[in-house]
Amino acid sequence: MDLPQNAEQLGVSAEQLPVVGAGLRTSVRLTPAGRRYLAAAAGHAAPAQLYLTLENVHGTRDATVLNVYLVFSEAGEAGGERQLPAGSAALYGLRRASNPQGSNRAGLTLTFDITPLLAELRASPGLQNDGIRVSIIPDRPLPATSDIVIGRVSIFRML
Amino acid sequence: MIYNPREYARLRNSVLVVSLLAWLVLLRPAAAPVAYGAAAPPVMSYCSASPAALALTAPAASSPASWTTQLTVAQSLFGGWALMLVAMMAPLLIQPIYHIRATSFARRRARSTTLFVAGYGGGWLVGGAFLLALELAAGLWAPESYLPAGLVALVALIWQASPAKQRYLNRCHRHRPLAAFGAEADRDALMMGVEHSRWCVGSCWAAMLLPMLLPHGHFAAMLGISVLMVCERLDPPRTPAWRWRGFGTALRYVSLRLRGPKRSPAPAALGVGA
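From first to last, the protein sequence lines are chains A and B. With the UniProt record's numbering applied, the first sequence covers 1 to 159. With the UniProt record's numbering applied, the second sequence covers 1 to 274.
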């Protein structure tokens, strides 16, 4: 099996993200190299794999399922938007992974393959200015006291 | 963060080579000037602040060259301690450095790694000052005696089995999320190094002090302690409790490589018509 040579980060969200209520929306700020890569990627014969990761997810609500979407602006006058699913993940083991004195790993890291959405990303008009918008929605609304926090959201490519 | 076995192997090999080079300098007196510069003492005593070693190089306070000589003695101690840190601690930094490299932009990797190592080294140099002071005090109290080393060995043994040690080890496995942009990214990398050194000093202080107090067998003890520290980092984080720890995962790994996986007994045939 051919293992990837390297993983390169293309963009990262700016701050920690608490997950409460119906969810949250954030923007993954891209580096100039990341923007150039995404703009050129579809021209490549064999585009690299692209991943979105939720890093250092910690909290105590193991029974939560997070649905992750990429948000794209619609072209045209209407200015609407649409969400395309990147994936879903259950936070099984969250409490144990967040315990500072037990088997801690500074929380969970969840990875989603977003390579199939590469063409949509290229066509997104807001990509050059706003970065990539990501929506994270729990399967059931969480109370305001929810302690689930996502350390950061990042986008990688495998070389 | 995405785990990449090839990148991890590359980093691991580089760090181990750096550690090996430091060990070679430590073990080979001919290479002393590399570590000590002009301050190389005639009798090599790396990371040693024993009164005998200091008396060998320190002239009378009234000598005009007193300040210069004291500076070279300090440089000698600092250089020796730093060299010992590189040799013993570099293998423990593979995981955190990989975390930094995997969660940083490519153009920031070298900078963030440097800041992390600077924070880590700075923390250990502060810890080392306390350990050198203890060594000096022990040397004044019982010069060329195994008594201080024996007492510290006892303390190290108790510390090794204590819940407090497990707390520090657990913290060593925990890596903070790092900011990606600007000065915050630099600050996070530096702070991660300082935090890591704090947990590392807390976990290893007794084991590190032991070889420093031995009148003989200094290097052999250092090597043994290094192996112990590497092996105990292989153990996963656990709930703090009194237990022997250190070689569990390493021995299981060696056993697995030598004997292969244990075969589970064949399931008993289901009785028919019983």
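Hints are supplied without guarantee of correctness; some may be wrong.
[What the hints assert, rightly or not] Okay, the calculated beta carbon distance ranges per label pair: (1) B:Pro236 - A:Gln49: 36 to 42 angstroms; (2) A:Asp62 - B:His216: 50 to 56 angstroms; (3) A:Arg36 - B:Arg10: 45 to 51 angstroms; (4) A:Leu24 - B:Leu157: 47 to 53 angstroms; (5) B:Pro163 - A:Arg95: 19 to 25 angstroms; (6) B:Arg10 - A:Glu81: 50 to 56 angstroms; (7) B:Ser255 - A:Gln16: 16 to 22 angstroms; (8) B:Pro163 - A:Gln16: 26 to 32 angstroms; (9) B:Gly217 - A:Arg36: 56 to 62 angstroms; (10) A:Gln83 - B:Pro5: 32 to 38 angstroms.
[Said to hold, decoys possible] Computed far set for chain A versus chain B, every beta-carbon distance over 10 angstroms: (11) Ala7; (12) Glu74; (13) Gly87; (14) Ala119; (15) Ala123.
Honestly, the hints are just simulated from the structure, not real lab data. Ideal placement from N, C-alpha and C gives every residue a C-beta, glycine not left out.
Query - Verdict for Pro163 (chain B), Gln16 (chain A) (Cβ pair) under range 26 to 32 angstroms - result: The hinted range 26 to 32 angstroms holds for Pro163 (chain B) and Gln16 (chain A), with Cβ atoms some 30 angstroms apart.
Query raised in the report: Taking the beta carbons of Pro163 (chain B) and Arg95 (chain A), is their distance inside 19 to 25 angstroms?
Result: Cβ of Pro163 (chain B) to Cβ of Arg95 (chain A): about 21 angstroms, so the range 19 to 25 angstroms holds.
Query raised in the report: Quick one: are Leu24 (chain A) and Leu157 (chain B) within 47 to 53 angstroms, going by C-beta?
Result: holds, 50 angstroms
Query raised in the report: If you check the beta carbons of Pro236 (chain B) and Gln49 (chain A), does the distance land in 36 to 42 angstroms?
Result: Once the Cβ atoms are compared, 29 angstroms apart, the range 36 to 42 angstroms for Gln49 (chain A) and Pro236 (chain B) is violated.
Query - 10 angstroms cut-off, C-beta based - Ala7 (chain A) kept clear of every residue in chain B - result: violated, 5 angstroms
Report task. Determine whether the Cβ-Cβ distance between Gly217 (chain B) and Arg36 (chain A) falls within the hinted range of 56 to 62 angstroms. Result -> holds, 58 angstroms
Query raised in the report: Within 50 to 56 angstroms or not, the Cβ separation of Arg10 (chain B) and Glu81 (chain A)?
Result: At 41 angstroms between Cβs, range violated.
**Report entry** Distance restraint evaluation - Ser255 (chain B), Gln16 (chain A), Cβ atoms, bounds 16 to 22 angstroms
**Finding:** violated, 42 angstroms
Report task. Check the following: the C-beta atoms of Asp62 (chain A) and His216 (chain B) are separated by a distance inside 50 to 56 angstroms. Result -> holds, 55 angstroms
Query - Glu74 (chain A) non-interfacial with respect to chain B [C-beta, more than 10 angstroms] - result: holds, 29 angstroms
Report task. Examine each Cβ of chain B, and state whether all of them lie more than 10 angstroms from the Cβ of Gly87 (chain A). Result -> holds, 15 angstroms
Requested in this report: Could you let me know if the closest chain B CB is still more than 10 angstroms away from the CB of Ala119 (chain A)?
Outcome: Its Cβ never comes within 10 angstroms of chain B, the nearest being 22 angstroms, so this holds.
Violation of the numbered hints given earlier is confined to hints 1, 3, 6, 7, 11; the remaining hints are satisfied by the structure.
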